[in-house]
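Throw the hints in and build the complete structure from the sequences for me.
The listed protein sequences correspond, in order, to chains P and C. Under my numbering, the first residue of the first sequence carries the number 1, and numbering increases by one thereafter. Under my numbering, the first residue of the second sequence carries the number 1, and numbering increases by one thereafter.
Among the hints, a few may not be true.
Unchecked claim - Not the full set, but computed from the structure, chain P residues with beta-carbon under 8 Å of chain C:
| hint | residue |
| --- | --- |
| 1 | Leu-87 |
| 2 | Leu-88 |
| 3 | Glu-91 |
| 4 | His-95 |
| 5 | Asp-243 |
| 6 | Asn-246 |
| 7 | Glu-501 |
| 8 | Gly-505 |
| 9 | Pro-508 |
| 10 | Arg-509 |
Stated by the list, open to error - Which stretches of chain P does chain C cover? Using the computed rule of at least three CB atoms under 8 Å from a CB of chain C, they are:
| hint | segment |
| --- | --- |
| 11 | 55 to 69 |
| 12 | 234 to 242 |
It should be emphasised that the hints constitute simulated quantities derived from the structure, not laboratory data. Glycine included, C-beta positions come from ideal geometry on N, C-alpha and C.
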Amino acid sequence: MSAHLLHHLIEASATRTPEAPALTSGQETLNYGDLADRCSLFASAMMHLGLGRGERVALYLDKRPAFVEAAFGTAAAGGAFVPVNPLLKGEQVGHILGDCNARVLVTSPERLPLLAPVLAACHDLRHVILAGPVPAQTPEGLTVHAWQSLAGAPPQAGHRVIDGDMAAILYTSGSTGRPKGVVLSHRNMVTGARSVAEYLGNHPGDTLLAALPLSFDAGFSQLTTAFHAGARTVLLNYLLPRDVVNAVTRERVTGLTAVPPLWIQLAGLEWPASVGEHLRYLANTGGRMPREILQNLRTKLPRTRPYLMYGLTEAFRATYLPPEEADRRPDSIGKAIPNAEVLVLREDGTECAPHEPGELVQRGPLVAQGYWNDAAKTAERFRPLPSGVGGRERGLVLPEIAVYSGDTVRRDEEGFLYFVGRRDEMIKSSGYRISPTEVEEILYATGLVGEAAAFGQPHPALGEAVICVVTPPLGGHVDGAALLAECRRRMPVYMVPARIEIQTGPLPRNPNGKIDRKALAAECQPPQP
Amino acid sequence: MNTEREVLLLLDDALSLQGRGLAFTPDTPLLGALPELDSMAVLAVIHAIEERFGVEIPDDEIDGSTFISVGSLVEFVGRIAPA
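Shown next as structure tokens:
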């Protein structure tokens, strides 16, 4: 069968290779045949509970097989699943449940009491499914089901859906306000899985480690790319970076995707030599990998090929840098992934000349279906593409919606793209626009820091002043004076931090594991003029 | 005070559970079950154990499996900090 709906990814592999391992969690491994059966069971249970076409099923769970069964089972029923980051607290979960009008909530007995205060306000919610036993006390007005009771539902086909229908809503934190729900269609997710699996060369012999949260598009993508390829995914709830190295070694993982703060920690650990026998590639997403860290990882893992990726939740993935280019242009985010077109546009909608900074705009079948129930925010980011740019011919009359990323990039003569900065995070100081990633890159390059974050703060004379927060390198301390001297040596004057703050522990992360510049900026006192 | 009670007090404080942690039992799952326990907070817990029990925990002595449940953590503390 050919996969055009999300759950077909599992079903197609189950038809080809029912005995092949699909999912490992702790000691348990499910093969494709069993996983497909379990997803069908969940789909039947949803139909039995009366889930309507397109209705939302929220998943507030750590990584475990039940999460995967519920996500793909919801899609098979014709509903849309909403993965909620398991690190979010009750109030934030309540916001998401209310915002997406969830009909069903899947969670664990331990998490349910945390949600008790917020569930009463979720007017559309009818059913709670617990991965575990049902406690004596359950929230009023809701029917609470034990996971085991789902098995009693008679087999039932899901609603008829087409690949333009919604399959999922992924909540993403923006620069301002509450998280927004990015609506993804079946086509978005299936096309994304095909595209990524194609350039990573995923095959049935692969084992991918799902270390990132499944509520994050790049985290969920480990499942879709592996299922598309008939490969195995290992689910890992990690606490310490060592857990990741241990899982890679124990499960003989062939592909590892992580975000820069995790790579920074992983680069500081010892990797057994045997990892080189199986770890085929490492992939970075969710921010620029500092050059020193990439170098360090490549020294430790000389046989592992690095893929540097860039993408927005609003259009899944956008670009990647092929490993053979990583030495030549380690600062580049590469070129568009298969089946996506990436443009660099001026404010007036025309295309930028080589090296001229402009906004990254993505068109094609990966472009999401907008933000759930938010016409204003959708209209800011999802806009009609002007005629005559890229592959859009002037004679076409129907509007084509593209994603305007809000990220500033430039393109060289050979077509390779370079990230300049997020428009809303750019620091404006003494008339210059300064990219925080560029400042951080220089701080890392000094070798004098462990982690670094740069941001702007209001300053009466400069407009904004550059503030940096850094942590000590592994087993060392930060010499503030030496670091500032290195900054003066390596940076133009306008970029040199007005203040460098030193913190001991790791810097705060946002729920997706990226260093949280906004939280740091909020903690810092404005600089003295 | 016994080790289990000490560990519960320490968890409740380090993870800001506001009393919730005091009702935990050895079977209460930790890893993956508590939104408060993430890769940042776990460092605070390890630090609190070192401070409270006057021990130094080498990096290779501890990993995610130590935090599977309250019971596994109590067992670990009992091993590195004999009464």
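How the hints compare with the structure:
Among the interface hints, the one on Leu-87 (chain P) holds; its C-beta lies about 5 Å from the nearest C-beta in chain C, closer than the 8 Å criterion. For Leu-88 (chain P), the shortest C-beta to C-beta distance to chain C is roughly 6 Å, which falls under 8 Å, so the interface hint holds. Taking 8 Å as the C-beta contact cut-off toward chain C, the hint placing Glu-91 (chain P) at the interface is violated, the least distance being around 11 Å. Interface hint at His-95 (chain P): violated, since its Cβ lies 14 Å from the closest Cβ of chain C, which is beyond the 8 Å cut-off.
With a cut of 8 Å, the hint placing Asp-243 (chain P) at the interface with chain C holds, because the nearest CB-to-CB distance is about 4 Å. Against a cut-off of 8 Å between C-beta atoms, the interface hint on Asn-246 (chain P) holds, since the closest Cβ of chain C lies about 6 Å away. At a threshold of 8 Å, the smallest CB-CB gap from Glu-501 (chain P) to chain C is about 18 Å, leaving the interface hint violated. Taken as an interface hint, Gly-505 (chain P) checks out: its beta carbon lies about 6 Å from the nearest beta carbon of chain C, inside 8 Å.
Taking 8 Å as the C-beta contact cut-off toward chain C, the hint placing Pro-508 (chain P) at the interface holds, the least distance being around 7 Å. Below 8 Å, beta-carbon pairs count as interface contacts, and Arg-509 (chain P) has one with chain C at about 6 Å; its hint therefore holds. Under the rule that three or more residues need a Cβ within less than 8 Å of chain C, the assignment of the segment 55 to 69 of chain P holds, with 3 such residues. Residues of the segment 234 to 242 of chain P with a Cβ under 8 Å from some Cβ of chain C number 6, which satisfies the need for three, so the listed coverage holds.
In this structure, the hints that do not hold are numbers 3, 4, 7, in rising order.
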